[in-house]
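Asks: Starting from the given sequences, assemble the full structure and let the hints guide the process.
Number of protein chains: 2
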Amino acid sequence: MVRSVENGGGAVEILPDHFDPTAVVPEPLPKVVESDAELVNGKSNGDREIVLGRNVHTTCLEVTEPDADDDFTGDKDAFMASVLARYRKSLLERTKHHLGYPYNLDFDYGALAQLQHFSINNLGDPFIESNYGVHSRQFEVGVLDWFARLWEIEKDEYWGYITNCGTEGNLHGILVGREVFPDGILYASRETHYSVFKAARMYRMECVKVDTLVSGEIDCADFKVKLLAHKDKPAIINVNIGTTVKGAVDDLDLVIQTLEESGFTHDRFYIHCDGALFGLMMPFVKRAPKVSFKKPIGSVSVSGHKFVGCPMPCGVQITRLEHINALSRDVEYLASRDATIMGSRNGHAPIFLWYTLNRKGYKGFQKEVQKCLRNAHYLKDRLLDAGISAMLNELSSTVVFERPWDEEFVRRWQLACQGNIAHVVVMPNVTIDKLDDFLNELVEKRSTWYQDGKVKPPCIATEVGSENCLCTLHK
Amino acid sequence: MVRSVENGGGAVEILPDHFDPTAVVPEPLPKVVESDAELVNGKSNGDREIVLGRNVHTTCLEVTEPDADDDFTGDKDAFMASVLARYRKSLLERTKHHLGYPYNLDFDYGALAQLQHFSINNLGDPFIESNYGVHSRQFEVGVLDWFARLWEIEKDEYWGYITNCGTEGNLHGILVGREVFPDGILYASRETHYSVFKAARMYRMECVKVDTLVSGEIDCADFKVKLLAHKDKPAIINVNIGTTVKGAVDDLDLVIQTLEESGFTHDRFYIHCDGALFGLMMPFVKRAPKVSFKKPIGSVSVSGHKFVGCPMPCGVQITRLEHINALSRDVEYLASRDATIMGSRNGHAPIFLWYTLNRKGYKGFQKEVQKCLRNAHYLKDRLLDAGISAMLNELSSTVVFERPWDEEFVRRWQLACQGNIAHVVVMPNVTIDKLDDFLNELVEKRSTWYQDGKVKPPCIATEVGSENCLCTLHK
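If you're matching them up, the sequences are chains F and P in order.
So for the first sequence, our numbering puts the first residue at 433; every next one is plus one.
So for the second sequence, our numbering puts the first residue at 433; every next one is plus one.
Be aware that one or more of the hints could be misleading.
Because identical chains cannot be distinguished in the list, a pair is counted as satisfied if it fits within a single copy or across any two copies.
Said to hold, decoys possible - Pairs of lysine-lysine, DSSO-like flavour, derived with a Cα cap of 30 Å:
(1) K792 to K508
(2) K521 to K792
(3) K907 to K508
(4) K508 to K803
(5) K795 to K508
(6) K508 to K799
(7) K528 to K866
Worth flagging that the hints you see were computed from the coordinates, not collected in a lab.
Replies: See below:
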């Protein structure tokens, strides 16, 4: 009696009398929305006017309705294959010329391609299986345990999860801080990642910006002044383990000492460490102030797509279980244990991380960190040798230098810029050969930009200190 | 003179004098953290005690340090290949027996495997290219345009982005609502997804819960009472286009009418439509109240991994450009245009969506919606025929029925449960054959659970209405 409706014929008998198949709209195709030609066209790539909701419309790949005979002709398949082949080629070129963002583009996850056919979702808590069986919690918790060990917290004392990116880690860490201290004030240095200020705004928290040193580190003298001005309220502090622009590492020990000296006992502050890129490099660098839960910190986050390398953004968030237990009591009535920011979570990301951690291990990361630091020093020295202002923080692989005059050059090498400075983040995939290509091109271009003396290289003494500035005034 | 450090020998000359390569910690391997055996062991899978931060530790896949000779012996590769092969097999089995979550598990993205080697990140705004070149904005905007057309808003009047999941869409929509009306009160029905209440908590918004009808729809009589009690403040309303448990569709037109009747002019309310699953099915169902930006709504979100199907969670968020322009003015000083919740964004998700939309088109989705509705009716009728209480909302493919007595059965079929009810969401990959397997197993199991009359099937009249309840009292 039971027949599949797909097999055609005889299927009608299994449908209920009151079900009307014509209840499905026969012609659902919406009308084509007329686009305003003036807005969509006439914007060249060089024209970088920022108008929300417009620019990319000029180059976007429209979704088109398949023709009725596409299955027969194969035209659609051929079209899509050609789009993808062209796109792949552009990705190869763009990947080759990338220097500005802290992403390790050197990975091979071919062994995991077999898993792309599954809809893997770690919805909910990593430590509590939901009824959805297609998950990867066993990999996720394995990865979390590895990081818990790195940051020195016992398995039964931490809670954490694999996030969608560094921003989610910061959003989570600061939310936990706010739930621990509902009237706490958020302190973050000026050179902190924008996601931390976004969190303050989203969560309606009072936020105090702290000055920075030339290196980009938090200025603990200014921090103390600001703490003393707000002694009545608990402190929630974002500590940067590598700032976005200069790769500066805040001195965690000095931050804690400043808190203590200002009269904040350990039950009156919460520290979130934003480890974005460098949280995973620093454990392998001697003299670096150690990030450890043996110190009075509340949470640490790090990105997974940065030093480890991953096809899509992801991150790791670790906090103390006691904080989450306090949080989850309140969350419980809302839903079945929801202590993450996102409900559904990408189950592939933990497998990528698990795979790389297993293959490289602590020793492999150590080697790569060593290589990155060597190459970063090489780049900085060659820049200075060529008369180009440059700075490299001692514990960092982020080389800061004068912003190239030509935006086309900036875009070609995908440099991240702020004001008069640009940076290159030396990641494991950045070889000496690549740096040489970049340096040679920069030196050559500079000789044309500045040849007639009308335009001069910018002074970046305020950004990097006069000792690192080679402008006409300082050299 | 320039030599790669990787090539060994002669590399020292390129290093600066002051750089000390031994600055890298020689023995970074942290000590193994001792785990408390009592906590880690002794929890069987059947024991579902929920203790945060513990259960999955029993089954997790530890990350181990590679041996020095792994490259030579291949032992590590062999071990990892065997773990992945076993995992793949379990995913096949779990995918086969999945019925409870609204995920379309039927997809083939083999053509996109070539892109897994790239770190694709659409960081920042979809419409403004960042300097990071390895992105997929051209696909993202193509997908957004398709949805803008579906929900009837002009290209130059919308803003949107591909999110990490339905929760991110809700978090964004409600944040935009709060920025438009900083003192607005959030209204949401009791059967609303928990992420909406999470948003209220995160954003420190006043939140009013509205009653629901038996169907799961918002009760507009109660909504009116609550609106009239808070006439002094603007209203931010979450409208469910398919609730999580019962698949109930709130009547958008009635919600708007209720607002108007209660004295709320269009400049005093903001409506966010949570389209999670059904936002993409309903446009193809006749008689369904249409979601359209021609009506006074502020934003719509829908999940990408649900009806479309995708290896990882993702979603689409569309709002009015005017709201984002207002929002971004404030955000601008924080950073270079940051109007999303997450900063870094998965660049693969838009390509998956683009690929499926192109292949299936509006007509393809129409066919699949028709199939799902037919199969859902089939399931509901066969449940009722077998004497099992069941309900199916007219515009839905979510079949609600009595919760199976045995938790093992619930886990095997990955049913989502709440109190005395369970549900099956009939997605495109759920065939009549699969439903028959499920039905036959359920009927057989029930005859053993309830054979001696000591245990009786639960009454679910309050959840689904007495007319759909077949318990001993109501049948």
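Asks: Compare the structure with each hint and give your call.
Replies: Checked hints:
1. K792 to K508: Between copies, since 11 Å is at most 30 Å while 42 Å is not.
2. K521 to K792: both (29 Å within a copy, 26 Å between copies)
3. K907 to K508: Neither, since 61 Å and 54 Å both go past 30 Å.
4. K508 to K803: Answer is between; shortest inter-copy Cα gap is 24 Å, intra-copy 46 Å.
5. K795 to K508: This pair counts as between: shortest inter-copy Cα distance 15 Å, intra-copy 48 Å.
6. K508 to K799: between (47 Å within a copy, 19 Å between copies)
7. K528 to K866: Within one copy only: 8 Å inside a chain, 48 Å across chains, cut-off 30 Å.
Checked against the numbered hints given earlier, the structure breaks only hint 3 and satisfies all the rest.
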